[in-house]
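Student: Sequence:
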Amino acid sequence: MKEKEKITTGRRDFLRTGALAASSFFIFPRHVLGKGFIAPSDKLNIAGVGVSGKGFSDVNNAYNNGANNIVALCDVDWNLAKEQFEKHPKAKRYKDFRQMLEKERKNIDAITVSTADHTHALVALAAMQLGKHVYVQKPLTHNIYEARLLTEAARKYKVVTQMGNQGASNPAQQQMIKWFNDGVIGDVHTVHVWTNRPVWPQGIPVPQATGTPPDTLDWDLWLGPATKVGYTPAYHPFKWRGWWNFGTGALGDMGCHLIDPPFRVLGLGYPTEVEASVGSVFLKDWTPEYLPEGAPPSSHVQLKFPATAKNKTPITMTWSDGGLRAFRPEVIPADAELSEPDGSNGVFMVGTKGVINCGTYGVNPKVFLNNGQVINSSGEGSSTNSSVPEWGHNLAWQEACKAGFNSAKHKALTSSFDYAGPLTETVLMGNLAIRSYNLRTPTADGKGFNYPGRKKLLWDGPKTRITNFEEANQFVKREYQNGWKLA
Numbered sequence: 001m002k003e004k005e006k007i008t009t010g011r012r013d014f015l016r017t018g019a020l021a022a023s024s025f026f027i028f029p030r031h032v033l034g035k036g037f038i039a040p041s042d043k044l045n046i047a048g049v050g051v052s053g054k055g056f057s058d059v060n061n062a063y064n065n066g067a068n069n070i071v072a073l074c075d076v077d078w079n080l081a082k083e084q085f086e087k088h089p090k091a092k093r094y095k096d097f098r099q100m101l102e103k104e105r106k107n108i109d110a111i112t113v114s115t116a117d118h119t120h121a122l123v124a125l126a127a128m129q130l131g132k133h134v135y136v137q138k139p140l141t142h143n144i145y146e147a148r149l150l151t152e153a154a155r156k157y158k159v160v161t162q163m164g165n166q167g168a169s170n171p172a173q174q175q176m177i178k179w180f181n182d183g184v185i186g187d188v189h190t191v192h193v194w195t196n197r198p199v200w201p202q203g204i205p206v207p208q209a210t211g212t213p214p215d216t217l218d219w220d221l222w223l224g225p226a227t228k229v230g231y232t233p234a235y236h237p238f239k240w241r242g243w244w245n246f247g248t249g250a251l252g253d254m255g256c257h258l259i260d261p262p263f264r265v266l267g268l269g270y271p272t273e274v275e276a277s278v279g280s281v282f283l284k285d286w287t288p289e290y291l292p293e294g295a296p297p298s299s300h301v302q303l304k305f306p307a308t309a310k311n312k313t314p315i316t317m318t319w320s321d322g323g324l325r326a327f328r329p330e331v332i333p334a335d336a337e338l339s340e341p342d343g344s345n346g347v348f349m350v351g352t353k354g355v356i357n358c359g360t361y362g363v364n365p366k367v368f369l370n371n372g373q374v375i376n377s378s379g380e381g382s383s384t385n386s387s388v389p390e391w392g393h394n395l396a397w398q399e400a401c402k403a404g405f406n407s408a409k410h411k412a413l414t415s416s417f418d419y420a421g422p423l424t425e426t427v428l429m430g431n432l433a434i435r436s437y438n439l440r441t442p443t444a445d446g447k448g449f450n451y452p453g454r455k456k457l458l459w460d461g462p463k464t465r466i467t468n469f470e471e472a473n474q475f476v477k478r479e480y481q482n483g484w485k486l487a
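The opening residue of the sequence shown carries number 1 in the UniProt record's numbering; numbering runs sequentially from there.
Just so you know, the hints here were simulated from the structure itself, not pulled from any lab data. Be a bit skeptical, because a hint or two may be false.
[Said to hold, decoys possible] Calculated pairs, EDC-like style, for lysine to aspartate or glutamate (alpha carbon to alpha carbon, straight line, at most 16 angstroms): (1) 95 - 220; (2) 228 - 293; (3) 455 - 275; (4) 90 - 104; (5) 310 - 182; (6) 312 - 187; (7) 456 - 471; (8) 353 - 187; (9) 456 - 273; (10) 485 - 471; (11) 304 - 273; (12) 228 - 182.
Construct the complete structure from the given sequences, taking the supplied hints into account.
Tutor: And the structure:
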């Protein structure tokens with residue numbers, strides 16, 4: 001390992017071996033300082049990349065009320081980052097994460113990544129190559145290739161990783177696992193997942209550039225590897241989600257939260273096939289708008305999984321977004337209150353003996369048995385409130401970083417990349433099917449179009465390829481633009 005890759009390990013090893021002398025000063029352990037004090041040697045030096053919006057809470061959770069140091073903050077938009085800059089005035093400020101890593105690499109142990117989806121992989125991989133632990137917001141990456149690459153890189157560079165799908169650490173998920181493992185609902189054959197997303201404009205014409213970006217924003221850095229387009233507030237800071245150039249649509253926004261419970265409970269791996277249909281927008285009679293640059297206003301995706309060691313039956317999972325809710329299985333009474341009462345988001349895991357229902361982040365799980373009995377959770381993790389922010393999801397990562405790669409605390413993480421990578425690949429498989437659905441070629445007479453991707457797509461997970469429609473494989477990865485490379 002190169003010298004620059006030993007920075008974090010060297011400092012942690014120094015702490016663990018108990019050495020006290022360093023030049024002319026001493027680092028005192030916690031017990032010498034007394035109760036309530038945190039020794040400098042027990043603190044992580046953390047940098048944040050993308051520090052507004054969700055990044056604001058990610059950095060603050062990592063700071064952990066002073067349990068760790070925030071040593072550097074990086075954001076392409078310093079106006080949006082202003083509040084975070086003011087909260088941590090001693091942190092060095094950057095717009096370009098590459099400059100931050102070059103100048104601060106000796107001072108950083110770990111990094112939070114909360115940028116737009118299309119730059120997650122760039123930032124995370126660069127940090128891991130320097131031996132830095134990473135916490136990356138969901139979805140882990142913009143495409144399947146990047147997810148596989150980061151999963152393998154975490155092992156290669158021996159760093160502690162966690163994806164920011166905080167419901168993975170919700171204790172209520174353990175209740176669902178216990179119910180399933182105890183055979184309460186039998187083998188599961190069908191899973192329904194739904195969301196009210198998108199809650200931003202989607203299924204609309206491509207926005208046009210509106211002029212010069214604000215002086216506080218580096219537009220070229222924000223674009224990163226995406227196809228270059230002119231600045232418009234219709235993309236930044238939030239509505240980028242609905243455009244494939246930057247975001248991953250409703251699936252990317254909520255899939256890692258909602259597909260996580262059945263993925264975890266049932267021990268799922270790579271799906272074997274996927275099929276999609278999407279909602280249409282009509283501005284002219286009989287002529288649907290053709291908007292392949294963006295995610296649709298609604299979609300319906302079906303994924304199939306083989307039987308697992310935990311579940312003897314193959315599983316069919318359906319995803320619905322755009323406010324299209326799954327119909328309740330017959331076993332659930334007509335007037336029964338679901339885990340998320342307004343029906344905005346939810347999950348049904350349908351087994352031979354009953355159904356497990358939960359809401360976003362796995363909250364409020366309950367069982368509806370075929371015999372009419374209803375079993376509610378004990379209440380732990382039954383809401384999004386917690387005495388520790390986000391069920392301690394970020395905190396567990398911090399403690400695992402201190403314990404080190406492959407430690408017991410690392411292995412106990414609920415969404416390290418070994419788990420989050422395959423989960424993200426499954427989520428993004430739905431987007432591959434949606435984008436394939438919109439591929440078209442002119443008919444022979446030139447009067448219409450053929451849509452060859454509107455069929456069941458067969459997936460080879462280990463090889464990351466669609467085997468029966470070559471054109472779909474263009475969506476497994478992207479071509480990086482503007483001189484950016486992922487290596």
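Student: Against each hint, give a clear statement of whether it holds in the structure.
Tutor: Checked hints:
{"no.": "1", "hint": "95 - 220", "in the structure": "holds (11 angstroms)"}
{"no.": "2", "hint": "228 - 293", "in the structure": "holds (13 angstroms)"}
{"no.": "3", "hint": "455 - 275", "in the structure": "holds (6 angstroms)"}
{"no.": "4", "hint": "90 - 104", "in the structure": "holds (13 angstroms)"}
{"no.": "5", "hint": "310 - 182", "in the structure": "holds (11 angstroms)"}
{"no.": "6", "hint": "312 - 187", "in the structure": "holds (6 angstroms)"}
{"no.": "7", "hint": "456 - 471", "in the structure": "holds (13 angstroms)"}
{"no.": "8", "hint": "353 - 187", "in the structure": "holds (8 angstroms)"}
{"no.": "9", "hint": "456 - 273", "in the structure": "holds (7 angstroms)"}
{"no.": "10", "hint": "485 - 471", "in the structure": "violated (23 angstroms)"}
{"no.": "11", "hint": "304 - 273", "in the structure": "holds (5 angstroms)"}
{"no.": "12", "hint": "228 - 182", "in the structure": "violated (53 angstroms)"}
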